[in-house]
Every structure is written in structure tokens, then in C-alpha cells.
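One letter stands for each residue in the lines below.
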Amino acid sequence: MNALAPMPSTPSLALLEVEGLRTEFPSAEGIARVLDGVTFTLARADTLGLVGESGSGKTMTALSILGLVPPPGKVTSGAVRFEGTELLKLGPEALRRVRGRRIALIFQEPNGTFDPVMQVGAQVAELLREVGDVETRAADREAVDLLRKVHLPDPSRVARLYPHQLSGGMGQRVAVAMALAGRPKLLIADEAASGLDLTIQAQIRELLSEVQSERRMAMLWISHDLGSVAQVASRVAVMYAGRIVETGPTRRVFGAPHHPYTRALLRARPTLDRRRRSLEALAGAAPLPTRLPAHCPFYDRCPAREERCRQEDPIERSVGPAHKVRCLVDPSSGAS
Amino acid sequence: MPSSLGRRAAQVGGAIVVLAWAAAVCAPLLSPYDPAAFERMQLAPPGRTHWLGTDEIGRDVLSRLLFGARSSLLVGWLAVVIAISIGTVVGLVAGWGGGVVDAVAMRSVDLLLAFPRLFLALLVIAFWGPSAWLVTVVLGLTGWMTTARLVRAQVLALRDREFIVAARAVGMPVRRLLWRHLLPQCTGTIVVAATLMLGNTILAESALSFLGLGVQVPDASWGGMLNEARGVWRSAWWLALFPGVLITCTVIAHNLLGDGLRDWLDPRMSRIESAERGNSE
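Just so you know, the sequences run in chain order A and B. Mapping the first sequence onto my numbering, position 122 (from 1) lands on 122, and the numbers just tick up by one. Take any residue in the second sequence, note its place counting from 1, add 336, and you have its number in my numbering.
In isolation and in its complexed conformation, chain A is listed as follows (with noise of 0.2 Å):
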């Protein structure tokens, strides 16, 4: 516990502030509320990792500050701030003009991410001249100096390659190309690294930490994979039906989670400790986003529940430095 992260920056040093953002799809079964008053910021150049189990609302988080909640869905409350400007209130251009920007974000399995009927050197010039302001004729040899940047081997080869040509550690390298063509402030990306072999995750890791250093950039990693998160993100936030239950410094969180279910992802958490033979698996599944209890919305799992959990819905709260838990129950008497 002695070795802390680094302390959180200052509020006005925030590059991206989010604020009890509340994101629904109307459905059959009601409507469904996929995030729940999601609270974070982020400051420049800094990495915040964004982690929880499928369906937790991670890419809804990603796509709701973008602005590209698929319809009928609908960010209904909350803010978002980038940069001092608040982001929901932006019209369509404004907003267009902001992604790639100000904000790129970049997804899991890349070659699903590129036009399939195009060269990718062509796409990454495109993307050059649309939002990087790159002069028409310098686009393709601008274009492959970013694929060299991004440690593409043989760059003005690959830019002749179609999509399915490349391999997803490729692919991935020139998802990166494309999401830095705009000189972005903020680069979020959802599960980059995840799907690929683990070399390559970690060659991936390594690339945008380059590259986020270099520009100064921040980034939103958003992942399952902890290992993954404790590598890259300064600070983590962990996502739980749709909102953030445990937000702090990485080693803060990891090293002394307080909330159960950071606890429980810990222990989920495959490792090659011989001591412990069987994973911990959470039973129980969490609250479908169309019935949202108006309690703690791990109650139903939480192996440390008690009466008042039941009774009323926790609010934020304060654990250590920079760290803050929304759950009811003291902090484990046992853990830290």
C-alpha cells in the first residue's frame, strides 16, 4: 500500500469530465437504462482504464460522449465536458467536428473497422484530409509515414493492401493510424487489444503508449482484461450495470479494492499462483438494464450484503486518496 500512483491531477487540469451521464433504449420490456449516472474525469495525458464484464455499459460509455448512441437509444441526462465545452449539447457538425479531433476512438477487431472495398493507405489519406487538414496531394505520402509511425514494417506496402489482407495485429496498428490522423487530445479505445494473441496485445500496448506520450495524448482504455488495464491506466474506473462502482488509482483499486465486485473480478482473475486452483466465478447475473432495482444493483450477488442494501441505492463515496467506492458496506475489516 505504500507505493501510490501518482496523485490524481487537479479538477481544472480535467481534459474530459464526465457527470452522471444516463443512457436508455426504449424496447419491448420497458425501457432499458444501459447506463446509470456514469461519473468520471480524466485528466490530460493521463490513461483512465474502464473495466467490467460484458454488458457493464463500457462501449455505451465510449459512444455515448461521442455522441453515436445507435437509435433509438438516447443519452436522457448528465454531461459531458471536453475541454471545458459540454459535448451533449454540440449540434451534429459541431460534434462530427469534435470526433477524430478532438476525440478518436478505436475499436476491437479492426478489420471490421475499415471500408472493405478500399485500400487502407487510401482510407488512412482520406481521413487525412478530412479531419487532419492534410493537403490533397501530400494525403498519400503523408498517409504512409503514419503507417511507418505506427511500426507498420514495409508501410508503402500496406497501404496498398485491402483490408482482408491484413492480419488483426495489422489491422489493429492501422486502426491506430487512422485515430491519430485527426491529432486527437483523447483516444479511447474500446478493447483494442483484446482478440489478439498476446504478443501482439502487448506490442499494441506499447504502441499507443508510445504514441500517447509523444502527443501528450489521454486515453480511455476500455477493457475486460484487468492484466491489460493494470499495464496501461494510471487510474481505473470499475463499471457495474451501468454505472462506475469503484473509481481510483490502479494500485489503489487492484491493490485494496473495497467494493465487492472489484473484489470479485480480482479473484475471477486467471493467475499462475499454484496456490489457487479453481477461479472464482460470480454467480448470478446482473440486473437486466430494463430492471434496474432501485437498491444497490449488486445486491443480488454480493457476497457481503446486508439489510440496508436492500433499502437504499449508495451514493459516492470517499475511501482513500483519489479514491471513491459506491457501496454501502464498510471496507472490508479484513483486506487493507
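Note that these hints are calculated values from the structure, not bench results. Do not take every clue at face value.
What the hints assert, rightly or not - List of simulated lysine to any residue pairs, SDA-like, C-alpha gap at most 20 Å:
1. A:LYS74 <-> A:LEU88
2. A:LYS149 <-> A:ARG215
3. A:LYS74 <-> B:ARG497
4. A:LYS74 <-> B:GLY433
5. A:LYS74 <-> B:GLY435
6. A:LYS185 <-> A:ARG97
7. A:LYS74 <-> B:VAL436
8. A:LYS74 <-> B:GLY434
9. A:LYS74 <-> B:VAL501
10. A:LYS74 <-> A:GLY20
11. A:LYS74 <-> B:TRP432
12. A:LYS185 <-> A:LEU207
13. A:LYS74 <-> B:GLU498
14. A:LYS74 <-> A:ASP36
15. A:LYS74 <-> B:ARG495
16. A:LYS149 <-> A:ARG183
17. A:LYS149 <-> A:GLY169
18. A:LYS74 <-> B:ARG384
19. A:LYS74 <-> B:VAL437
20. A:LYS149 <-> A:LYS185
If you're wondering where the values come from, they're calculated on a predicted model, not measured in any experiment.
With chain A's structure known, arrange chain B on it following the hints.
Relative to chain A, chain B alone:
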């Protein structure tokens, strides 16, 4: 149908279409006579001097057929170009815009499809007077609906594809996204829809010219020649037979080509042909 047979049919269709265009383009070179010139021989049967005979006022049938190909193909193709352009834009905008835009566009399509095309053409021509250009425009303006529906369906299927979402996530402007990334994915559909539309647009042009509402004398048109043959076809069979056969062959050839292109470019669309054929006449 075995695919080799289908492919052969499409090749034959394509060959006939190319031939028809060649004849239309080279009509002045190939025609043995001035198509509007009155020869001395009236109602001459096919023979050595007039291969396909002459008509009631002594004009050479072969020459008129060659020049008639110009009217039929030009009017048919131009009308289809107009229809495809409107249909593509409406389909792209409706599919991408969704919501109210989509609803308005698609209800307009339903409304227009409910009007019989030829009847609409008759109304317009009755108002402005007959001319080939008017026929072209009217057929174009009444033919775009099927294309709009097909393109819209394609856009709906594509708009949530990851590469489109990803392109938006990195700030690609919508206009560019539509033209550069969505439209190319629709070209197969559009080409097939256009080819299948050609056959029945050419037929519609012939019908209107037959009624005297399309191409005007002295210009030749296949439909007009059929009309001129009406009174005398029992004795002068060649006046009705040759233009009739040409209309039939041209229409069938376009349809065969369209079927072939459909199988080749877009096997999923096997139903649009019947929809397209059903929507006129």
C-alpha cells in the same frame, strides 16, 4: 436453371444490347437510304433494292429501323439514368436520415407506385403536347421508386455496420461517408436495377410512340412504325413484323442481361426482377 445456361442467356442478351447500340450509333453509316426520303416504290416487299421493304409512302424500312433504334435506346437509357439518379439520392437520404425523412420519402414512393405509369405519362403529354424529350423526362420521373427502395434497404443494412460507425467515430463527414463508402456498396444493386428497368422503359417508350405521343414524325421510332403499319399490315406484313420483332428482342435482351448481372453481382436480389417487371404496364 443451370448456371451455364443462365450465363449463356445473359451473354446473348448482352450481345444483342451491344449490337442494338452499334446499329443506333452507326445508323447514318449503315442506312442504305435516307430514313425520311420518299422513294418511288410504295409498299415494296423485302427484296434486293429494299432489303426489308418500303412503307406506305415509300420510305425504306431498314433505314427507319436503324434510326428508330436511336430513339428507343436513347429515350429508354436516358430515362433510366434520370430514374436511377433520383432513386439513388432518395434512397441514400431516406436510409441514412431515417425517422421523418425516411417516412416521407417512402410514403411518396408508395403514392407514386400507386399511379399507373402510362396513365401519368398520358396526362402529362396531353398537357404539354407530345415530344420525345417529354417522354424521356416523364419516364424518368416515374421510374425511380423501385431504385429508391432498393438503395434505402441497402443503406439500412449497411449503416450500422462497424466500418461505418468506425468512420463516424473518427470524424468522417456524412456526405463523404455516403458517396465514398455507402454508395460503392450499392452499385451492384443499382446496376442490376437499372438493367432490368431498361427493358420495360424501352417498352413504355414504344407504347407511347405507338400512341403517337412519343417520338414525332418524321423521326423514326419502332413504336411509331408499328402504328403506321396498322392499316396495311395484312397485305404488307413486313411493316409490322420487323419493328415488332426488334422491340421484343431488345426488351428480352435487356432483361436477360439484367438477370445475368443480378446473378453475378448480387445473388441475394433474385426477387427484384419480378417486382420491377410488375411495376409498369
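Hints, one by one, checked against the model:
{"no.": "1", "hint": "A:LYS74 <-> A:LEU88", "verdict": "holds, 11 Å"}
{"no.": "2", "hint": "A:LYS149 <-> A:ARG215", "verdict": "holds, 12 Å"}
{"no.": "3", "hint": "A:LYS74 <-> B:ARG497", "verdict": "holds, 19 Å"}
{"no.": "4", "hint": "A:LYS74 <-> B:GLY433", "verdict": "holds, 16 Å"}
{"no.": "5", "hint": "A:LYS74 <-> B:GLY435", "verdict": "holds, 14 Å"}
{"no.": "6", "hint": "A:LYS185 <-> A:ARG97", "verdict": "holds, 13 Å"}
{"no.": "7", "hint": "A:LYS74 <-> B:VAL436", "verdict": "holds, 17 Å"}
{"no.": "8", "hint": "A:LYS74 <-> B:GLY434", "verdict": "holds, 15 Å"}
{"no.": "9", "hint": "A:LYS74 <-> B:VAL501", "verdict": "holds, 16 Å"}
{"no.": "10", "hint": "A:LYS74 <-> A:GLY20", "verdict": "holds, 14 Å"}
{"no.": "11", "hint": "A:LYS74 <-> B:TRP432", "verdict": "holds, 17 Å"}
{"no.": "12", "hint": "A:LYS185 <-> A:LEU207", "verdict": "holds, 16 Å"}
{"no.": "13", "hint": "A:LYS74 <-> B:GLU498", "verdict": "holds, 19 Å"}
{"no.": "14", "hint": "A:LYS74 <-> A:ASP36", "verdict": "holds, 12 Å"}
{"no.": "15", "hint": "A:LYS74 <-> B:ARG495", "verdict": "holds, 17 Å"}
{"no.": "16", "hint": "A:LYS149 <-> A:ARG183", "verdict": "holds, 13 Å"}
{"no.": "17", "hint": "A:LYS149 <-> A:GLY169", "verdict": "holds, 15 Å"}
{"no.": "18", "hint": "A:LYS74 <-> B:ARG384", "verdict": "violated, 79 Å"}
{"no.": "19", "hint": "A:LYS74 <-> B:VAL437", "verdict": "holds, 19 Å"}
{"no.": "20", "hint": "A:LYS149 <-> A:LYS185", "verdict": "holds, 17 Å"}
Checked against the numbered hints listed earlier, the structure breaks hint 18 alone; every other hint is satisfied.
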